[in-house]
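*Asks:* Given next are the chains, with one letter for each unit.
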Amino acid sequence: MTFLQLRDLRVSFPTDDGVVRAVDGITFALERGRTLGIVGESGSGKSVTSLAILGLHNRRNANVAGEIWLDGAELVGMPADDVRALRGKKMAMIFQDPLSSMHPYYTIGAQIIEAYRVHNAVSKVVARRHAIDMLGRVGIPQPDRRVDDYPHQFSGGMRQRAMIAMALSCDPELLIADEPTTALDVTVQAQILDLMRDLQQEFNSALIIITHDLGVVAELADDILVMYGGRCAEYAAADDLFERPEHPYTWGLLGSMPRLDRARTKRLLPIRGTPPSLIHLPSGCAFHPRCGYAERNGGKSEKVVPELVESTGRHLVACHLPIEVRRRVWQEEISPSLEAR
Amino acid sequence: MFAYIVRRLAAAVVLLFAVSVVTFAIFFLVPRFAGATPETLATRYVGRAATAETVKLTAERLGFYDPVPVQYGRWVKAIFVGTEYDYGAGVEQCPAPCLGYSFITRQAVWPDLLDRTTVTLSLAVGASVIWLLMGVSTGVLSALRRGSIFDRMAMGVSLAGVSMPIFFTGMVSLVLFSYTLGITAPGGHYTPFTQNPATWAYNLLLPWITLAFLFSAAYARLTRAGMLETMGEDYIRTAQAKGLPQRTVVVRHGLRSTLTPILTIFGLDVGLLLGGAVLTEKTFSLPGLGKYAVDAIVANDLPKVMGVVLFAAAFIVIANLIVDLLYAVVDPRVRLG
Chain S
1 MTFLQLRDLR VSFPTDDGVV RAVDGITFAL ERGRTLGIVG ESGSGKSVTS LAILGLHNRR
61 NANVAGEIWL DGAELVGMPA DDVRALRGKK MAMIFQDPLS SMHPYYTIGA QIIEAYRVHN
121 AVSKVVARRH AIDMLGRVGI PQPDRRVDDY PHQFSGGMRQ RAMIAMALSC DPELLIADEP
181 TTALDVTVQA QILDLMRDLQ QEFNSALIII THDLGVVAEL ADDILVMYGG RCAEYAAADD
241 LFERPEHPYT WGLLGSMPRL DRARTKRLLP IRGTPPSLIH LPSGCAFHPR CGYAERNGGK
301 SEKVVPELVE STGRHLVACH LPIEVRRRVW QEEISPSLEA R
Chain U
1001 MFAYIVRRLA AAVVLLFAVS VVTFAIFFLV PRFAGATPET LATRYVGRAA TAETVKLTAE
1061 RLGFYDPVPV QYGRWVKAIF VGTEYDYGAG VEQCPAPCLG YSFITRQAVW PDLLDRTTVT
1121 LSLAVGASVI WLLMGVSTGV LSALRRGSIF DRMAMGVSLA GVSMPIFFTG MVSLVLFSYT
1181 LGITAPGGHY TPFTQNPATW AYNLLLPWIT LAFLFSAAYA RLTRAGMLET MGEDYIRTAQ
1241 AKGLPQRTVV VRHGLRSTLT PILTIFGLDV GLLLGGAVLT EKTFSLPGLG KYAVDAIVAN
1301 DLPKVMGVVL FAAAFIVIAN LIVDLLYAVV DPRVRLG
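For the record, the sequence lines run as chains S and U.
Counted the way this note's numbering counts, the first sequence spans residues 1 to 341.
Counted the way this note's numbering counts, the second sequence spans residues 1001 to 1337.
No lab work stands behind these hints: they were computed from the structure.
Note that CB positions come from ideal geometry on N, CA and C, so glycine has one too.
No false leads were mixed into what you were given.
Here are a few chain U residues that face chain S, going by a calculated C-beta distance under 8 Å: (1) Glu1233; (2) Asp1234; (3) Thr1238; (4) Gln1240; (5) Ser1257; (6) Asp1331; (7) Arg1333.
Required output: the full structure, derived from the provided sequences and hints.
*Replies:* Now the structure itself:
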């Protein structure tokens, strides 16, 4: 049995301007000990997907359809209280900005102790010892003293470590990290990513990393799911995706990654245009207004939504370009231009 | 922390000094600019039929012939070391803190103030407890059920609450609850708590509710706005992600942050009320500080006015100080340096 399985997950929000289809049919599977990277621009639906898994979407105005199976239990339609009991214990989340994500009035220790004691009937003394232990494991020096500090007394990287300690305090089997390094210095980013990899191996949890930065998931993820306009554009094993990316949007993401090993005079290749409105998604392939290859499909891109189909093995792509054309474009046009830069 | 308190206390003393100078100047100096002589000032305290001789004697007795700074110095000195008065009927001792004697009734001001304070204190404390509970809980519920019928009704009522003055709601509720339905006590009665707590509460119930209605309306709106903002914060989402029960999220994480600014306003409001809930006391004929102040001003009884102003200022300054200290306790980011 797959540990985490999403089937055709759809999340929409009715608003005065129309229905926002934040997530429009996402399917993926994830096993314990494996890492999935969900990549996309802001507004591509990646955060909403993770919030829906945790049941943290606004229950009053969000419509969730499809299936979310976690360890044999269906989360969609589960009573709010039952999902709450799983939150923090079976599945936990790390947020982007550790400063605003921690309560400013409570000490780091108090917040970890609180998280631990919701799910474990232990005394405050025991929970405190556990909190100090967790802080030590995420690499906070002098954890027995820092446990009584407030979030504002921690540095950014330390705060994110504390946040990770808090999320891992109940030994969750699924950990979702939403842009865990975006608010941090570059030097600290690498430390945090290393830490997450080590802890994942130690705890053998399933890990979902949500990011807009392919570089972040390049080393960590086993699988990568590229989202665009609430839909899945490409879903493949990480090695495969970096070796033979097939979706023009993925090419764009690769082209906009700054790399230090290339000459500075070479410019980045940004994706033109802006992310689409989720209320009025472009007809057909949502990416077609920004796609450099849409005209090669004879008007199909504007009319038909491309299906997510296997190209080779487990490599899924939603693109109208014939597979030979995609491969040729990648090998002859995109790949050389990325190398040559 | 200690240095901070000392500094704040020193500032409070300076502030009170300034208040006393300004008040004294308004009542003793400004009339002179307007052409009043010691004799015309004294006329008020002897009646118009008095002879010029009596007026002169009275002015002399009240010290009106001395320069104003000397009069002020005498007044301040009495506060710290006490003084004695001779109104022609034997010498009266006035121990420190002596805020002087009424020019009219010849009663010492300080014991009067203490006496009146118990009334105002009873009124303010009772009402503030009610409005804090009512206002904050209404605000929280409204925020959590934004757009619901409860929210709309609560906000409608509270809009009426903030808009209607106390002498209107007070009068209406007196007519309705006391004189028509006979549930609550009619105005004008006050029984000390020590004498009979039940009667004390019975007599104060209507003033409490009327006063609390006005304030809880404002507090409900304030709490609602604060809660709506706080519940959208990232740390609320974190608390939910931990799997905390919604009640814990709302109270421990949401309300805790929202209460900080409310606490500030609460302290100032209570301080202000302790200086005299003028309209409420007047409406319900309660012998509190506010009514005392109004009566003193109407009668032009200067020592009483001076005393009550200084007293009320002290309450506000102290309330301010307490709020500042509490703030540092509540919000660890506020560092006292």
